[in-house]
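Chemist: Residue numbers (our numbering), protein chains in the order written: chain A, 1 to 312; chain B, 1001 to 1312.
Among the clues, some could well be false.
Unchecked claim - Restricting the straight-line Cα-Cα distance to at most 27 angstroms, the calculated cross-link-like pairs of lysine-lysine (BS3-like) are:
id	chain 1	residue 1	chain 2	residue 2
1	B	LYS1226	A	LYS274
2	B	LYS1274	A	LYS274
3	A	LYS285	B	LYS1274
4	A	LYS226	A	LYS207
5	B	LYS1257	A	LYS312
6	B	LYS1312	A	LYS285
7	B	LYS1312	A	LYS311
8	B	LYS1257	A	LYS264
9	B	LYS1312	A	LYS312
10	B	LYS1311	A	LYS312
11	B	LYS1257	A	LYS257
12	B	LYS1311	A	LYS311
13	A	LYS264	B	LYS1009
Hints in this document: simulated from the structure, not taken from any laboratory.
There are 2 protein chains.
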Amino acid sequence: MTNTIDIQKILSGDRRSVARAITFVENDTPGAELFLSDVYRHTGKAYRIGITGPPGAGKSTMTNKLAKHYRSIGLKVGIIAVDPTSPFTGGALLGDRVRMNEVEMDEGVFIRSMASRGSLGGLSKKTREAADILDAAGFNIVLFETVGVGQSELDIAGAADTTVVVLVPESGDGIQAMKAGLMEIADFFVMNKSDRPGADQAVMSIKMILGFRPHDEHSWMADVVKSTASEGIGIDTIVAEVTRHQEYLTKTGEFEKRRSAQMKARIEEIVSDKFIVTFWNSDRKQHLERLISQIMYRTRTPYDVAEELLKK
Amino acid sequence: MTNTIDIQKILSGDRRSVARAITFVENDTPGAELFLSDVYRHTGKAYRIGITGPPGAGKSTMTNKLAKHYRSIGLKVGIIAVDPTSPFTGGALLGDRVRMNEVEMDEGVFIRSMASRGSLGGLSKKTREAADILDAAGFNIVLFETVGVGQSELDIAGAADTTVVVLVPESGDGIQAMKAGLMEIADFFVMNKSDRPGADQAVMSIKMILGFRPHDEHSWMADVVKSTASEGIGIDTIVAEVTRHQEYLTKTGEFEKRRSAQMKARIEEIVSDKFIVTFWNSDRKQHLERLISQIMYRTRTPYDVAEELLKK
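Excised from the complex, chain A in its bound form (with noise of 0.2 angstroms):
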């Protein structure tokens, strides 16, 4: 791996750049900031959206057919299956790269596993910036899968325009969606598998809970739509719920909003990252090695040891 990319491989859209392109900064390889520094000057085009929800509620399928939907339409997507796998079983090639063949062989789609374990540095920022190279290669949607029962999905809401929850009818009356934090992440919700029995009642119960959201007439009311996502059914409704939400954001100017408060998370992860990669030099590490057993006999705290580190 050498260590520059030719950015203007990247704006034409050169898939093995793309690819090698998300590696680099995957691997915080040095000069990654740079060339990403480059890469942003030329994002902004493309349209970015979550789909999370339960293990099994279909995210994969759903994430495909939605590509194909908007490859149909003539335009380019990316997608970035964000898999909370571990590094011990490197696990992240087992799932969604085989229900994904419907639409890999495609060259207007772009398809990438990142696995949140054991990556340095904060996955948000990853994703973000892959998503930044897939914009800036000229790929207009960019598709975020993960599941949603724990941090990854609340980088995705955080890197997406439209967070789409996707849940099905055993999901439960919507308790376990509630306690999984999914409710206030989603922009609308997919209830998918809806052929099976208990669906209408899921969505009566998922529309509820919605109804106590706080909210005004201007609110952005986050609704609850039907799919079998394995049969094609019900994509359609889901695109113009995406299109519907983007038209609802661009109009009020929550789109804006949302982006530059986004982008003000993204600025504050960066500067945690290098505040930690800079911090934990050698001898601060050296340091902490030689206090760490006066911590353990309890005659230093790890409170003042970290407040000795810090003023060194």
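Once you have looked at the hints, place chain B on chain A.
Modeler: Relative to chain A, chain B alone:
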């Protein structure tokens, strides 16, 4: 809420003081750190056990039964239920508290829910601090319970001496467990609801995957034990496996090593938290506010603005 909590009352095990102290820490009340430094000097007696696994695996029931077991042999038990809950719904109270009612009237058991969303500072920092308070207050066993499909189970594994991953036969052929990244944090597995069909097969497939983990003759070999926690079946086996793991850790010196490594990670988190609080003063916030539109118009990039802020 006053800014002082009497450390003597904590040491005497006064429940109201313990509850207040955890709230004090959870809210990052001024003075919390000084207080925690005092608390830390009185820790080191409690054994810390993490219970994690997918939603619906029966973790709360198992935690409840384990607490009852430890009570029956005269030990005091603190329970910290970490809930990846939305601040919007405030859902933390819905689930766990209800199902813990078998032990919650017991004076020798202290139960506390902590929400992972919307908390200032890292969750892992706060769960450790709550555990320190319980430890100093004379609780012999601290049980951490959390859903394991994201970040919070890593936080728990980073705070526990023994991490137990609870699965059910429906958790699938092990691939889901791998994908959720639970494999590398488990000190052992519990196949709960093992009266259900497919339990033996599920146990076998986990054992098979475990066999692929790199190990030598001195390594701890994670095992899979069976339970039906709702009926109290297998609880003694789980307790025996925890004891076996504790003995392994002590005998091999792994206990000290693990606690040292956890302490280093904890200090890194304290340092980062302190940095963020100090760095983002009103001056730097305003500076970022002024530059944000230039970033949005791509005349500046997030990277050079981060650099500028760090140099300020």
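Chemist: All the hints need checking, so say for each whether the structure fits it.
Modeler: Checked hints:
{"no.": "1", "hint": "B:LYS1226 to A:LYS274", "verdict": "violated (46 angstroms)"}
{"no.": "2", "hint": "B:LYS1274 to A:LYS274", "verdict": "holds (15 angstroms)"}
{"no.": "3", "hint": "A:LYS285 to B:LYS1274", "verdict": "holds (17 angstroms)"}
{"no.": "4", "hint": "A:LYS226 to A:LYS207", "verdict": "holds (12 angstroms)"}
{"no.": "5", "hint": "B:LYS1257 to A:LYS312", "verdict": "holds (26 angstroms)"}
{"no.": "6", "hint": "B:LYS1312 to A:LYS285", "verdict": "holds (25 angstroms)"}
{"no.": "7", "hint": "B:LYS1312 to A:LYS311", "verdict": "holds (18 angstroms)"}
{"no.": "8", "hint": "B:LYS1257 to A:LYS264", "verdict": "violated (39 angstroms)"}
{"no.": "9", "hint": "B:LYS1312 to A:LYS312", "verdict": "holds (19 angstroms)"}
{"no.": "10", "hint": "B:LYS1311 to A:LYS312", "verdict": "holds (18 angstroms)"}
{"no.": "11", "hint": "B:LYS1257 to A:LYS257", "verdict": "violated (47 angstroms)"}
{"no.": "12", "hint": "B:LYS1311 to A:LYS311", "verdict": "holds (18 angstroms)"}
{"no.": "13", "hint": "A:LYS264 to B:LYS1009", "verdict": "violated (43 angstroms)"}
Consistency with the previously given hints fails for numbers 1, 8, 11 and 13, ordered from lowest to highest.
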